[in-house]
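Sequences listed follow chains A and B, in order. In terms of my numbering, the first sequence is residues 1 to 114. In terms of my numbering, the second sequence is residues 1 to 424.
One or more of the hints may lead you astray.
Said to hold, decoys possible - Each computed DMTMM-like pair below joins lysine to aspartate or glutamate, with the alpha-carbon atoms no more than 25 Å apart:
hint : chain 1 : residue 1 : chain 2 : residue 2
1    : B       : Lys284    : A       : Asp107
2    : B       : Lys147    : A       : Asp97
3    : A       : Lys9      : A       : Asp107
4    : B       : Lys147    : B       : Glu26
5    : A       : Lys9      : A       : Asp44
6    : B       : Lys147    : B       : Glu53
What the hints contain is simulated information worked out from the structure, not anything from laboratory work. For clarity, every value in this text was computed on a predicted model and none was experimentally measured.
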Amino acid sequence: MSTENHDYKTRRAGPQTIITMPTEIDAANADQVRQALLSAASPDVTVLIIDMSGTIFCDSAGVHAIIAAYRQAAAAGTQLRLVTTSVLRIFQMTGADQLIPIYPTLDAAQAAHK
Amino acid sequence: MSEATGTASPAEAGGVEVTANVSRAELEDRLRGIQAITDAALSQLDDHALLAELLDRTRAILRTDTAAVLLLDFSAGELIATAAAGLEEEVRQGVRIPVGRGFAGRIAAEHQPVVLDHVDHTTVLNPILWEKGIRTLMGVPLIARGKVIGVLHVGSLTGREFTSDDVELLQLAADRAAAAVASLMAQEDRIAAEALQRSLLPSALPVPEGAEIAVRYVPGEGKVGGDWYDVFTLPTGQLGLVIGDVAGSGLAAAVIMGRMRSALRAYALQTTDPAEVLAGLDAKMQHFEPGAVATVAYAVFDPGLDRVRICSAGHYPPVIASPGQAAGLADVPPGLLIGAVPGVQRQVATVEISPGTLVCFYTDGLIERRGQPIDDGLERLCQAVTAQPPDAACAAVMTALVGSEPAQDDIALLTVRRSLPGGT
Numbered sequence: 001m002s003t004e005n006h007d008y009k010t011r012r013a014g015p016q017t018i019i020t021m022p023t024e025i026d027a028a029n030a031d032q033v034r035q036a037l038l039s040a041a042s043p044d045v046t047v048l049i050i051d052m053s054g055t056i057f058c059d060s061a062g063v064h065a066i067i068a069a070y071r072q073a074a075a076a077g078t079q080l081r082l083v084t085t086s087v088l089r090i091f092q093m094t095g096a097d098q099l100i101p102i103y104p105t106l107d108a109a110q111a112a113h114k
Numbered sequence: 001m002s003e004a005t006g007t008a009s010p011a012e013a014g015g016v017e018v019t020a021n022v023s024r025a026e027l028e029d030r031l032r033g034i035q036a037i038t039d040a041a042l043s044q045l046d047d048h049a050l051l052a053e054l055l056d057r058t059r060a061i062l063r064t065d066t067a068a069v070l071l072l073d074f075s076a077g078e079l080i081a082t083a084a085a086g087l088e089e090e091v092r093q094g095v096r097i098p099v100g101r102g103f104a105g106r107i108a109a110e111h112q113p114v115v116l117d118h119v120d121h122t123t124v125l126n127p128i129l130w131e132k133g134i135r136t137l138m139g140v141p142l143i144a145r146g147k148v149i150g151v152l153h154v155g156s157l158t159g160r161e162f163t164s165d166d167v168e169l170l171q172l173a174a175d176r177a178a179a180a181v182a183s184l185m186a187q188e189d190r191i192a193a194e195a196l197q198r199s200l201l202p203s204a205l206p207v208p209e210g211a212e213i214a215v216r217y218v219p220g221e222g223k224v225g226g227d228w229y230d231v232f233t234l235p236t237g238q239l240g241l242v243i244g245d246v247a248g249s250g251l252a253a254a255v256i257m258g259r260m261r262s263a264l265r266a267y268a269l270q271t272t273d274p275a276e277v278l279a280g281l282d283a284k285m286q287h288f289e290p291g292a293v294a295t296v297a298y299a300v301f302d303p304g305l306d307r308v309r310i311c312s313a314g315h316y317p318p319v320i321a322s323p324g325q326a327a328g329l330a331d332v333p334p335g336l337l338i339g340a341v342p343g344v345q346r347q348v349a350t351v352e353i354s355p356g357t358l359v360c361f362y363t364d365g366l367i368e369r370r371g372q373p374i375d376d377g378l379e380r381l382c383q384a385v386t387a388q389p390p391d392a393a394c395a396a397v398m399t400a401l402v403g404s405e406p407a408q409d410d411i412a413l414l415t416v417r418r419s420l421p422g423g424t
């Protein structure tokens, strides 16, 4: 529910940018998530890692927001990767994992090739 | 308008120049005039009446000859003349100003007040303004929740100069107007969205041979989402069943939902392959509604309901309960959401249905609860669904999963049962 900017901390690691997602994502903050992802996906960012390792709840509204961001990020040439274990299931149920590769840890996401 | 400035302190009164500036007391008096507009107006006026009242007062308080409000049409990126005083032709002629161009367009683009002491075709896009004989103009943005929703401007036929105090007053009037207009627009949007959503859900369900159907639909508290369902018989005698959820809420989501519903019905008449129907729908949406995202499940039941073919675009799989057996999730491949990416290959699951078997479709609002893993919700749903007459099944599911708690999100629930031989 918290909508503070620190929920969307970003940090650069070479051509990769890591953006930290809030603890909970639902209809109340889904639009902010989408906006935060879009502003993080600038053309000079080759890979945007959506770090959801601290996210314990994400509903359909959250998945919709991430898919909407995916479209625009792809158009800007930014590849998305996602880190989660606790909310992995909803990405599988909605087929979103077919679109965005999902890794169990941030290290795995950063080390992944392609 | 202005009263005697008897309340001003000597120091303040001493600094007043009668010709150009106004006293602090008069400023405060003007401020109260502006505040009075919106406080009284909010409670009883629609947005057009509110704007008309606001413009009359603004014109009087700032002693100008014209006042006008242009509201931003977000999809077109244009300002549309919505209300005017002393400049009615601007509204009657439907003046549209692109954001970024001309006087009003610049205010909207830069989020800044603009004062023009020279009005002609080089400074102003709209010829009505200079043809009217307006010599000076002052305009400010209407900002609600950090976004520009329009522009308020006033003009003088005598070339009166606008001071920074005038700009400040106008911005104050604009801020109050913006808050009032935004809340009225939100209210109108919600009413329109609810009406639209109601009109799009089937008022009567078909009664196909050998099948019984029941539904529950509960709009979310506060704002209408984009959930919808549809049930229709096809010319082949098959039964088509749709359940979907458009991302977002309010009027925008309801409009998208209406378009998806119509498009899906059209494709359903062209082919009975659910994957082809969803592929057509996806292509249509990506071309005509880029940016829209939705989950949809489309199921085609054979006549007599002995078999169903289901294609899912990111939607939760239905729950299937056969007589005497525990219910479970149907094994439907989770295809990508509608609007995600072009040219998705979609798969169809075929499920045999024995007599008395119940198939239960639903939207996320039924099973998702803040702070709970979705598997918990799915598990509770599977426990609640049993092979019984659809209306009783819906009632049992709603009792188990919703109870008396208010729905945060829309909930749609649709159950179909293959009739038992010889009746119920």
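The hints, checked one at a time:
Proposed proximity of Lys284/B and Asp107/A is contradicted: the alpha carbons are some 39 Å apart, above 25 Å. Simply put, Lys147/B and Asp97/A have alpha-carbon atoms about 34 Å apart, too far for the 25 Å limit, and the pair is violated. Between Lys9/A and Asp107/A the alpha-carbon distance is near 17 Å, which keeps this suggested pair within the 25 Å criterion. Restraint check for Lys147/B and Glu26/B: not satisfied, since their Cα atoms lie roughly 31 Å apart, outside the 25 Å limit.
Taking the CA atoms of Lys9/A and Asp44/A, the gap is near 18 Å; set against the 25 Å cutoff, the hint holds. Proposed proximity of Lys147/B and Glu53/B is supported: the alpha carbons are some 23 Å apart, at most 25 Å.
Of the numbered hints given earlier, the model fails hints 1, 2, 4; all others are met.
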